[in-house]
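Turn these sequences into a full structure, and let the hints steer you where they fit.
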Amino acid sequence: MSEGARAKAKPVRPRAWSKLPIASVALSLISIATAILIGTVMMLAMRFDPLRAYAALWQGSFGNVIQISETLKTAVPLLLCGLGIAFSFQSGAFNIGAVGQMYLGALAAVIVGGQFPGLPPPLHIFLATLAAFVAGGLWALVPALLKILSGANEIISTILLNYVGIYLVDYMIAGPIKTGGHRDAPTSWPVLEGALYPRLIPHTQLHMGLYVALAAMILLFVVMHYTTLGQRVRIVGLNPVAARHAGIRSNRVFVLAFFISGSLAGLAGASEILGYQSRLISGFAPTTGYDAIAVALLGGFQPFIVGISALFFAGLQTGAVAMEAIAKLPAQLVGMIRVLAMLAVLAASSPRIVSLATRLRGGE
Amino acid sequence: MAGSLPRKRARARFVYLGLGLAALLGLTLARGTTLGGGILTILAAPEFMRAALIAAIPLLLAALGGLISELSGVLNMALESMMLIGAFVAYTASDYAQSPWAGLVAAALAGMLVGLLHAFFTITLKANQIVSAVALNLFALAATALGFRMLYASGVFVSAPGFDALSIPFLGKLPYLGTAFFSHNILIYLGLLLIPVMWFILYRTSWGLTLRSVGEHPVAASTMGINVNRVRYLAVILSGAVAGMSGSALVSASNINAFQENLSAGRGFIAFAAVVFGRWNPIGIFFGAILFGLGDALQIRLQAYGVGVPYQLLLMLPYLITLIALVAFMRNARGPAASGIPYSDEASS
Chain A
1 MSEGARAKAK
11 PVRPRAWSKL
21 PIASVALSLI
31 SIATAILIGT
41 VMMLAMRFDP
51 LRAYAALWQG
61 SFGNVIQISE
71 TLKTAVPLLL
81 CGLGIAFSFQ
91 SGAFNIGAVG
101 QMYLGALAAV
111 IVGGQFPGLP
121 PPLHIFLATL
131 AAFVAGGLWA
141 LVPALLKILS
151 GANEIISTIL
161 LNYVGIYLVD
171 YMIAGPIKTG
181 GHRDAPTSWP
191 VLEGALYPRL
201 IPHTQLHMGL
211 YVALAAMILL
221 FVVMHYTTLG
231 QRVRIVGLNP
241 VAARHAGIRS
251 NRVFVLAFFI
261 SGSLAGLAGA
271 SEILGYQSRL
281 ISGFAPTTGY
291 DAIAVALLGG
301 FQPFIVGISA
311 LFFAGLQTGA
321 VAMEAIAKLP
331 AQLVGMIRVL
341 AMLAVLAASS
351 PRIVSLATRL
361 RGGE
Chain B
1001 MAGSLPRKRA
1011 RARFVYLGLG
1021 LAALLGLTLA
1031 RGTTLGGGIL
1041 TILAAPEFMR
1051 AALIAAIPLL
1061 LAALGGLISE
1071 LSGVLNMALE
1081 SMMLIGAFVA
1091 YTASDYAQSP
1101 WAGLVAAALA
1111 GMLVGLLHAF
1121 FTITLKANQI
1131 VSAVALNLFA
1141 LAATALGFRM
1151 LYASGVFVSA
1161 PGFDALSIPF
1171 LGKLPYLGTA
1181 FFSHNILIYL
1191 GLLLIPVMWF
1201 ILYRTSWGLT
1211 LRSVGEHPVA
1221 ASTMGINVNR
1231 VRYLAVILSG
1241 AVAGMSGSAL
1251 VSASNINAFQ
1261 ENLSAGRGFI
1271 AFAAVVFGRW
1281 NPIGIFFGAI
1291 LFGLGDALQI
1301 RLQAYGVGVP
1311 YQLLLMLPYL
1321 ITLIALVAFM
1331 RNARGPAASG
1341 IPYSDEASS
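These protein sequence lines map, in sequence, to chains A and B. Mapping the first sequence onto my numbering, position 272 (from 1) lands on 272, and the numbers just tick up by one. Mapping the second sequence onto my numbering, position 306 (from 1) lands on 1306, and the numbers just tick up by one.
Note that these hints are calculated values from the structure, not bench results. A portion of the hints provided could be inaccurate.
Examples of chain B residues lying across from chain A (beta carbon under 8 Å, computed) [stated by the list, open to error]:
#1 Met-1077
#2 Arg-1149
#3 Tyr-1319
To list a few chain A residues with every Cβ distance to chain B over 10 Å, as calculated [unchecked claim]:
#4 Phe-62
#5 Val-134
#6 Ala-152
Since we're looking at a predicted model, the values are computed, not measured. Beta carbons: idealized from backbone N, C-alpha and C, even for Gly.
Structure below.
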């Protein structure tokens, strides 16, 4: 009953304000601060100098142009997968299958990118990217359709399909699309020169995939906030029953959310292969698809904050190398800080804390 | 939704038909490329059943753990993290104490700790139960990798002391059954024993009734004077203890009794699935676990036998089998009514 009174007393927030995700940013920042604090305690407990470690982390991730481009390059697949996950989670479709969808995207990219030598480069790039987009999307349709046709829980099926996708890639590079590599570490055929993404800064690996990711981010923001599709997605996610009464075909939204989220992961696979790896190897991105869940979570499932969050996680990843080399810290410790940030954001964004925060801010 | 149920079923029938045809096609293809007789010999050997059981027990334990939590209304997808942390702790503790029992106890305690975290996030903070589990799983992956690198910097496999095989006096001598079922280590028997024990506790004791009532209708349970959230806390922590022990079983399932990064490799999720297609019933869960065990054992044997199918495709087998089982048994599956919904006392807040 106090719930109702509060709703009546407080005017409905104007739409424009609610679009500015200040609360999300604040929560993310608090989470990061908490994680850094716990990380500091852990370093002290393990007898490492935290100041030196964080200085190395900064140097290694944002210290100069080369490090910044390395961080941006790392952020691209995290952002693409993270956007897809954010979109699916907002619609109440729990797609944990970014790993598999990304692998399928990379596979499609290397197959198309390694064939058709005569094509003009822009067209070749477009086709290889499109193939990855479609492959990732189709792979994501499998769990979506299984859910609708037989009720199979999409969380379980996406995870199972991750393993199937990983082994499928392993099989393809050891057989049908194999060239070169050792028997124990086979590699696929290389992507042709014309299908590779152009580099953005000379002497770095930063590639055009950054533009793809940024475009996806802006596009997703527009879709989420300015289209009926985005509105439907959010209504289905917030209240499936109300959505049904409003005449929204939630199955259709569910399938679409899965396709979009899978195809974004597919694009992430393409950006890895066409951007700088140029051939497919076993385990080319073993954790990106899972890390991206953390990215989406830390970003509060809001496109632009997901972008910042991807940058943060990418910085930790590239900076970890420097922390290991300069401050002699184990890279896994940095991994721990990454995960702690996620646990902190989970706690901070939980309904109990959020309602507490609103009560504190709104007064009576 | 109720109106479209018959149509849904008709559509589902098509799916099963398709899956059946695919399986048949796969079978004939496999036959065409390999010696069918050789495979049959493999399947008939007692060692096959034995390996399947060994592979099934970690899943069984994790799934039984998941069952406790889910009957109380808390989805436990964090089984993967409980299993992985349990495995790491079981390995280190039994290595340091030079006793597998120390490992088992430590694994159960570690699982309880993860359960406490999951309970805190989902019950006290009311965080989304799936998101909490995803976070905990990533945490387990990073934490065990860090711990393993710190403690075993060399990266060389060190075998921890494991449980000895225990041949049951008379039964162990039986022709097929002896090797397949009655000459395992004690953990396997304990796991099997847990099936009736768990069934009895959950379905024949008043505590089990309390637990299930909290999962079915928390408001009614609360009216009866039951502290819903306390029961759920207890259930999730207990769930962690059992699922943590599955880590110990996982370590001892490998011949070398050793830990490696991401040892669980998604088995916790398969256990989560087994709860669903075992219909929230310990016996059904056992069949789910053994199904995966059979797939795993078959896959390893087919690799060794050299059937001409690339091993990467064979490695998919357990996951595909689980997926097919999920699709086949998910129809009409109905879990606890209040599963996944946080409970809050309107009066107290």
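* Should the interface hint for B/Arg-1149 be scored as holding, given a Cβ-Cβ cut-off of 8 Å against chain A? -> Interface hint status for B/Arg-1149: holds (5 Å vs cutoff 8 Å).
* To do: Grab the minimum beta-carbon distance between A/Ala-152 and chain B and tell me whether it stays above 10 Å.
  => 5 Å, violated
* Assertion that A/Val-134 lies farther than 10 Å from chain B (Cβ) -> 22 Å, holds
* Asked: For the hint on B/Met-1077, does the least C-beta distance to chain A fall short of 8 Å?
  -> Because about 7 Å separates B/Met-1077 from the closest Cβ in chain A, which is inside the 8 Å limit, the hint holds.
* Measuring from the C-beta of B/Tyr-1319 to each C-beta in chain A, is the shortest one below 8 Å? -> B/Tyr-1319 check passes; min Cβ-Cβ to chain A is 4 Å, inside 8 Å.
* **Non-interface claim for A/Phe-62 versus chain B (Cβ beyond 10 Å)** => 23 Å, holds
Checked against the numbered hints given earlier, the structure breaks only hint 6 and satisfies all the rest.
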